[in-house]
Amino acid sequence: MDWTYWLFLLLKMVIVLGWALLMVPLLIYMERKVLADFQARIGPNRVGPVGILQPIADGIKLLLKEDLLPAKADKYVHFLAPLVAVVPAFLALSVVPFGPITHKETGTGYFVTHVNVGLLFILGLGSLNVYAITLAGWASNNKYSLMGGIRSSAQMISYELSMGLALIPVLMIAGSLDLVRIVENLGVAKGEGLSRLLLTVPLTISFVIYCICGVAETNRAPFDFPEAESELVAGFHTEYSSMRFALFFLSEYVNMITVCALATTLFLGGWKFPFVPETGPFPLLVFLAKVMIGLYGYMWMRATWPRLRYDRLMKLGWTRLLPIALANIILTGILMIAFQ
Amino acid sequence: MTYFSSVEGSLFLITALVAVVSAVMVITQRNPVYSALFLVLTFCALAVLYLLLGAQFIAMVQVIVYAGAIMVLFLFVIMLLNLDRPLETQSKLKHQRLVAGVLAAVLLVEMIYLLHRGLPTTGTQPSPPRNFGTVEEVARVLFRDFVLAFEVTSIVLLIGMIGVIVLAKRHLDEKKAAAPERILSPLRKE
Amino acid sequence: MVPTSMYLAVSALLFVLGVTGVLIRRNAIVIFMCIELMLNAANLAFVALSRHFGQMQGQVVVFFVMAVAAAEVAIGLAIIVALFRQRETVDVDEVNLLKG
Chain A
-1 MDWTYWLFLL LKMVIVLGWA LLMVPLLIYM ERKVLADFQA RIGPNRVGPV
49 GILQPIADGI KLLLKEDLLP AKADKYVHFL APLVAVVPAF LALSVVPFGP
99 ITHKETGTGY FVTHVNVGLL FILGLGSLNV YAITLAGWAS NNKYSLMGGI
149 RSSAQMISYE LSMGLALIPV LMIAGSLDLV RIVENLGVAK GEGLSRLLLT
199 VPLTISFVIY CICGVAETNR APFDFPEAES ELVAGFHTEY SSMRFALFFL
249 SEYVNMITVC ALATTLFLGG WKFPFVPETG PFPLLVFLAK VMIGLYGYMW
299 MRATWPRLRY DRLMKLGWTR LLPIALANII LTGILMIAFQ
Chain B
2 MTYFSSVEGS LFLITALVAV VSAVMVITQR NPVYSALFLV LTFCALAVLY
52 LLLGAQFIAM VQVIVYAGAI MVLFLFVIML LNLDRPLETQ SKLKHQRLVA
102 GVLAAVLLVE MIYLLHRGLP TTGTQPSPPR NFGTVEEVAR VLFRDFVLAF
152 EVTSIVLLIG MIGVIVLAKR HLDEKKAAAP ERILSPLRKE
Chain C
1370 MVPTSMYLAV SALLFVLGVT GVLIRRNAIV IFMCIELMLN AANLAFVALS
1420 RHFGQMQGQV VVFFVMAVAA AEVAIGLAII VALFRQRETV DVDEVNLLKG
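Chains as they are written, first to last, in my numbering: chain A, -1 to 338; chain B, 2 to 191; chain C, 1370 to 1469.
The hints are simulated quantities; they were obtained by calculation from the structure and are not laboratory data. Among the hints, erroneous ones may be present.
Here are the simulated lysine-lysine pairs, DSBU-like style, with alpha carbons at most 35 Å apart [said to hold, decoys possible]:
(1) A:K141 <-> B:K170
(2) A:K63 <-> A:K31
(3) A:K59 <-> A:K73
(4) A:K188 <-> A:K102
(5) A:K63 <-> A:K73
(6) B:K170 <-> A:K102
Short, incomplete list of chain A residues facing chain B, as computed with Cβ under 8 Å [unchecked claim]:
(7) Y3
(8) N43
(9) V45
(10) G46
(11) I50
(12) L118
(13) S125
(14) W136
(15) S151
(16) L192
(17) S239
(18) I291
Simulated restraints, written as ranges between beta carbons of each label pair [stated by the list, open to error]:
(19) C:M1375 <-> A:N183: 37 to 45 Å
(20) C:I1448 <-> A:A325: 29 to 37 Å
(21) C:R1456 <-> B:L159: 49 to 57 Å
(22) A:E64 <-> B:Y114: 36 to 44 Å
Quick caveat, the model's predicted, so the values are computed rather than measured. For glycine and all other residues, C-beta sits at the position ideal for the given N, C-alpha and C.
Given these sequences and hints, build the entire structure.
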């Protein structure tokens, strides 16, 4: 616990924070290019070579815009809401394991910190996310914003439940809430031969449910109800402009990164890949590659599927995903006892 | 008072202060939305205190259950019923605040005195075992010593669900049920 | 290490604040929030004593309190919503009839 420990910790925090902040413009550019490809057009191509500087130009434009506050809006809560969106989004990255433990004696490795309830920590921060949208909707004193806020709080609570239940089979098999240990244990705990093959079944179901819920939790198409332009004139952030809007935008993309990083950790083997050594930069590269594939999946979904109808969304969450997730837990239990 | 100079001590001091001050704000704010938000802050501060006490699992469950689910429900109801304005009525009881304050002060003195006197010094464990408060330890006690209580809790939750549905279900044949626009008018009328 | 009595003092303070809130407020929702505050104060005492004695039972009891509080909140808010539908108020001074 000497000063080098604290300095090292600080350095790791800065690196992860910087990485997330750099990822966001990259993702915005990537999203616009990918969507353009899907829709057979070119996409941003004016600012810089092949439009690479477009997100930076957009960012500068957002910063220079006037910061509006609607009349009779609640100014404290209006100010608080974007902060509540951004802070948990970045905090969640602090427990994501980008690689294995490198020093057994001090317990440090390719992550900011290592807590034995890491998964619950991320779920807890995710549950704070709903406040940002609800409060933004309420504080704007605008009926479309409030509708967007209330809709999304219902949506996020419903899908958080299925998401939590979808993660339980992973915990049961890995036997830990510690994200590093989950990655290390999961492969071994599944056993060999038939046991390995059969235990993959509930994990695959979990993965599919997790992906659906993850998209719904981050309010991305086809579950982008809180902002639904055609119904709610952009919903909870109608009355937000300039820097405050940028913070919402930032938190949405950072949340996407977190959801993908968690999917990588829990279902896709984290930093591990066949025939790739677990030393030097390789675990980091493998992890980031897997996260990028997940993020591409987000964009693919946005380009492919139209928005669901609101009642269908609720029906999907409560009458399809929830029972399947519950049955999946029972299936996992039976399989685990059978192969004990 | 030397223990406040350590990292743990100062963390305790700050979080305890946040918890108490925001609890005061909960009961003094006129707008229920503000009360609810300060209560969320109190709950988060309590979660940090649980972490300081080595109860990691309970701390996370506190955030997920209280901050993430219960308080969202409160906010939801406040916004849905359009209650985000202070009540204008005068209390029918005279000197209600004064009497309440005196009674609360008496209770506080009594509680602190009893807690201080009643805290046994025997059986203290200055340094609990290494895995104290982990999910494994909570689960071991929960599913060995408290398994019946655990099952009963699930029935309590089931009854809660049924009760809510019965209470919230609007009788469709009843004409006098509140019109939806009265319940769901989102704009605050000034 | 911070002595247990400090945690218990915070717990007592929060509990008393909850009691005061119930006594001075007339908005049913705020009263309900104060009850939650009191439950949490009790939880803090449980966790502090669990640490004091090195026993896990205290934390398990907190777990039960949270589960029961969740059910309680759902029921309580449903009652408040039903009350609002009937009377269009949540002021407890206005609600003085046993019969709707």
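Query raised in the report: Which numbered hints turn out to be false for this structure?
Result: 6, 7, 8, 9, 10, 11, 16, 17, 18, 21 and 22
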